[in-house]
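Chains as they are written, first to last, in my numbering: chain A, 1 to 98; chain B, 1001 to 1483; chain C, 2001 to 2488.
One or more of the hints may lead you astray.
Said to hold, decoys possible - Listed next, the in silico DSS-like pairs over lysine-lysine satisfying Cα-Cα at most 25 angstroms (straight line):
(1) C/2002 <-> C/2018
(2) C/2018 <-> B/1079
(3) B/1079 <-> C/2376
(4) B/1217 <-> B/1079
(5) B/1392 <-> B/1445
(6) B/1392 <-> B/1439
Stated by the list, open to error - Derived list of chain B stretches under chain C, where covered just means 3 residues or more per stretch with a C-beta under 8 angstroms from a C-beta of chain C:
(7) 1039-1046
(8) 1078-1090
(9) 1276-1283
Said to hold, decoys possible - Derived Cβ-Cβ restraints for the label pairs, each shown as a range:
(10) C/2298 <-> A/42: 44 to 54 angstroms
(11) C/2372 <-> B/1270: 41 to 51 angstroms
(12) B/1018 <-> C/2258: 54 to 64 angstroms
(13) B/1291 <-> C/2294: 23 to 33 angstroms
Don't read these hints as lab results, they were simulated from the structure.
For glycine and all other residues, C-beta sits at the position ideal for the given N, C-alpha and C.
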Amino acid sequence: MRITPEVVERVARLSRLELTAEEIATFTAQLSSILEYFARLDRLPTEGVEPTSHALRITNVFRDDQVTPSLPVEDVVAMAPQAHEGFVVVPRVLEAEE
Amino acid sequence: MEFETVIGLEIHVQLLTQSKMFCGCSTRFGAPPNTQTCPVCLGLPGSLPVINRRAVELGLRAALVLNCTVHPTSQFHRKNYYYPDLPKNYQISQYQYLEHPPLGTDGYLDVEVDGVRRRVGIRRVHLEEDTGKLVHPEDGTVSWVDYNRSGVPLMEIVTYPDLRSPQEAKAFLLKLRQVLQYAEVSTGRMEEGTLRCDANVSLRRPGEPLGTRTEVKNMNSLRSVERALSYEVARQREVLERGGAVVQETRHWDERRGVTFASRSKEEAEDYRYFPEPDLVPVEVTPEWLEEIRRTLPELPDARRDRLMAQYGLSRYDAELLVQTRATADFFEAAVAAHPSPKAIANWMLGDLTAYLNEHNLEIEQLRTTPSQLAELVRLVEDGTISGRIAKDVLVEMLQTGEGARSIVDRRGLVQIADEKALRETVDAVIRDHPEPVKDVQAGKEKAIAFLVGQVMRRTQGRANPALVQRLLRERLGLPTGS
Amino acid sequence: MKELVGRPYHELRPRLGKDFSVGELVEAYLQTLEALEPHVRAYLTVTAEEARQQARALDRRLAAGESLPPLAGMPVALKDNLCTRGVRTTCGSRILESFVPPYDATAVRRLREAGAVVLGKTNLDEFAMGSSTENSGFFPTRNPWDLDYVPGGSSGGSAAAVAAGEALAALGSDTGGSIRQPASLCGVVGLKPTYGRVSRYGLVAFASSLDQIGPLALDVHDCALVLQVISGHDPHDSTSVDLPVPDFAAALEGGVRGVRVGLPTEFFGEGLQPEVRQAVLDAVRVLEGLGARVEEVHLPTLEYALPTYYLIACAEASSNLARYDGVAYGYRSPRARDLYTLYSRTRAEGFGPEVKRRIMLGTFALSAGYYEGFYKKAQQVRTLVRRDFDRCFQEVDVLAAPTSPVAGFRLGERTADPLQMYLADVYTIPVNLAGLPGISVPCGFAGGLPVGLQLVGRPFDEATLLRVAHAYQQATDWHRRRCPLRRG
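Construct all of the structure, not just a fragment, from the sequences and the given hints.
Next comes the structure, spelled out in structure tokens:
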């Protein structure tokens, strides 16, 4: 099947999930069999069928350009795992550096 | 080796809305960190976006002034990637290649550099939300995130690779800013962060297909753009002349060192996994809505310049300067409406008024002085009430205080002395007191008359009508008065 | 006061403030909760004190002679993927174990404004991904009818709470059957509204184009009362429709004479437990006896519904769950060394295996080179599924089918094979794909476990669903049976 451990590793990277070797093996097997089952979709012809990209047939739902109250900064800080003077703190993000 | 420079720009402008793209938080700049956020722009669990109608209107205005084809239906997509300034780890944007096109495509903007006119194609215009801002404090182990900017409405404008020099790129950005400012879509200022620009640069021999391009990022001012692109063009030229090949990569501009450098290579190209945004419904632009928007568009800079030239007999150079900003052009026309002396008003605006604005770092909108007040000043000079010299001082006081010209003139007793009888006395006194210059004048040294005129002006606190003074002096000294 | 527990709200409401106070009603439920929780484990967070406070406030208003809002004093439970301001909302996941939202979901706010008293937050499969509540990151909930059996999922906690008398009604969410299937397994009524009928603002998203919030209750009448309160346009949710909300309670009466009921052949094929088939067909015969016209219909795309659903749901979920990254809220891994491991270890440690599986499946389906063959294909098949239903509704007014292929399964029975678990939702999933309203009502037992009858209606025609279901309940008493746990 098209799912190899390399594919699983690539997808795990894209999804930002650190997997153990065991998990990679298990997921490779499980995803393979799931996708194999899903392959039955290929049997159904869908030429020219519009994809349902939206569940409802409505358009133009807008809000007016009005300012409404924001959350107090204390709320934002309270939710953050790490904060400093109103900022949310994360490990150093390396900007473009030589 | 003859190389042609090929440049395309990818520009993000911040739209002039009060609130964000998908929520009601304020877009005001400069607030303390994380004081303008809510569940939506923080990407809290359970939050949902709702489109700001004004942002769509501004996007449509921009698409129209950039001569784009506006598409009847457009939708938003998710661009999925991980970064700390992106709360949901996806950005709601508009993608070109799925079922629906973005807001506008295939437009153009005409730019002129050193007499060369270039039509720069616009590939697409679309809407998206801005990310938060990262701050990197000195100590180096952490970074800080401020989500105030997260969700601010942006418009992305992508050009075709039609620019042929760094100077053209800069001119394009200036023109773009002007046009967007006229349409009240954005202030478009790089220094304020309301316009950001990345560039794609490549070289090729004329007639050949496009060369390998690099992406240049981190240019933070118009000057940087010109410098960075010049550097990159030179760098690529050098590589090619050596027989090497240009590597397709992203290069960052380092303002301090004046170079572009290749940024850390990523392991692999990012796969954004675009798909239609299921939390939003499509935007349908009816012909009626588009027409309504078109009707509210102002006269654009080029058209206005041409009209000013035709209507008021201005030179192209002067007209171009007067339409720099919509506010300047509005000021000019309002002044002319109050007093129909377009050339004089233009001179005052482009001369003393501009000098004052530059010196004090002001925009014309910030002046207390009104167009009719300027018009009044010009009228007072033209009808001889005050001299041009005095008028300059009066203007400065007007600009400083917002007081009207007539009021200042009367209060300070600056009315020009045009009374011949009164002047004759002063003229005679000056002649009496300065025999040497008088002898010079009578000996044929015309230049010495300027000194005598100056003396009369001094004794009259500058209020004497200079032309009259000239004539009286000449009469007294027996010279022809026709000069 | 224990006899108050197990009576539907519409029977209690006329007596409220006369025979008993709000405080007594709420206390009765809190006591039952306390007694049965060690066995059922329906709740993740119990807000007893807040509930008592709310009850006292309502009693004060009653005493002052105020007329009370529609659900005053109703003790309710909320699935823990509904944001509740100031109250922990975990989504059944360790990654949100300590997350306290600063805002209420719209549906929650409307319930509160209607006077409902929130007893707590109920257990669910992690991020609503599952059909048994065994995927909860904390512990499984048990079926009050037989504690060795699952309550269904993902709204297992809500269904079990109502069935056990630990709440009078509850809110759940339904993406592929997560209200209807647990309602069926626990012998209560569960309704999934039409997509767009109830605001999703504040419902932690699993699959944006499929998720809906809905009520679980003891009978159809109570279900209608709760649906009334939570339905309606919300400017915070662009996908909530701006349509008037009918009077659902008024719509209950009317009977089923002349109503055309369709039985989709494909829903009665292989894999359906015989006793379940029998109970459902008996229920349909009751409807026939009441004057409904029953006919056979066809939904040939049924066999494609499951893969279609999973591809779409997982793709949307992979994007919706990307925000759980340890940055601005929720769990952050102590093993984060840099930005990449902040993400990868937080998510590895915070998410359970089913969530990871679905995220990866979804990421794969959207990735370059696979989008056309997987995600786009699934969305096209979805259109075909919708058309199948549209065709049926030209002939009939409602569809009748089993809710679940089996009456129940034991804890641990299906956890080894993900696909086996997915098949539990084979009859409910197509309804979500088409965005239609669906309800499950108790219609019998198999091996001591409840069986559910599923009814599916036209878009925004919850009224007909409620009318038919109510007529069924007027003629039967399955919905009055109470689980043995309660009788003890």
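Verification of the supplied hints:
1. C/2002 <-> C/2018: Measuring from Cα to Cα gives roughly 17 angstroms; hence the hint holds.
2. C/2018 <-> B/1079: Cα-Cα ~58 angstroms, so violated.
3. B/1079 <-> C/2376: Holds, at about 16 angstroms.
4. B/1217 <-> B/1079: Holds, at roughly 20 angstroms.
5. B/1392 <-> B/1445: Violated, at roughly 30 angstroms.
6. B/1392 <-> B/1439: 33 angstroms, violated
7. 1039-1046: holds (count 6)
8. 1078-1090: It holds, with 8 qualifying residues against the three required.
9. 1276-1283: holds (count 4)
10. C/2298 <-> A/42: 44 to 54 angstroms: 22 angstroms, violated
11. C/2372 <-> B/1270: 41 to 51 angstroms: About 19 angstroms separates the Cβ atoms of residue 2372 of chain C and residue 1270 of chain B, which means 41 to 51 angstroms is violated.
12. B/1018 <-> C/2258: 54 to 64 angstroms: Holds, at about 55 angstroms.
13. B/1291 <-> C/2294: 23 to 33 angstroms: 54 angstroms, violated
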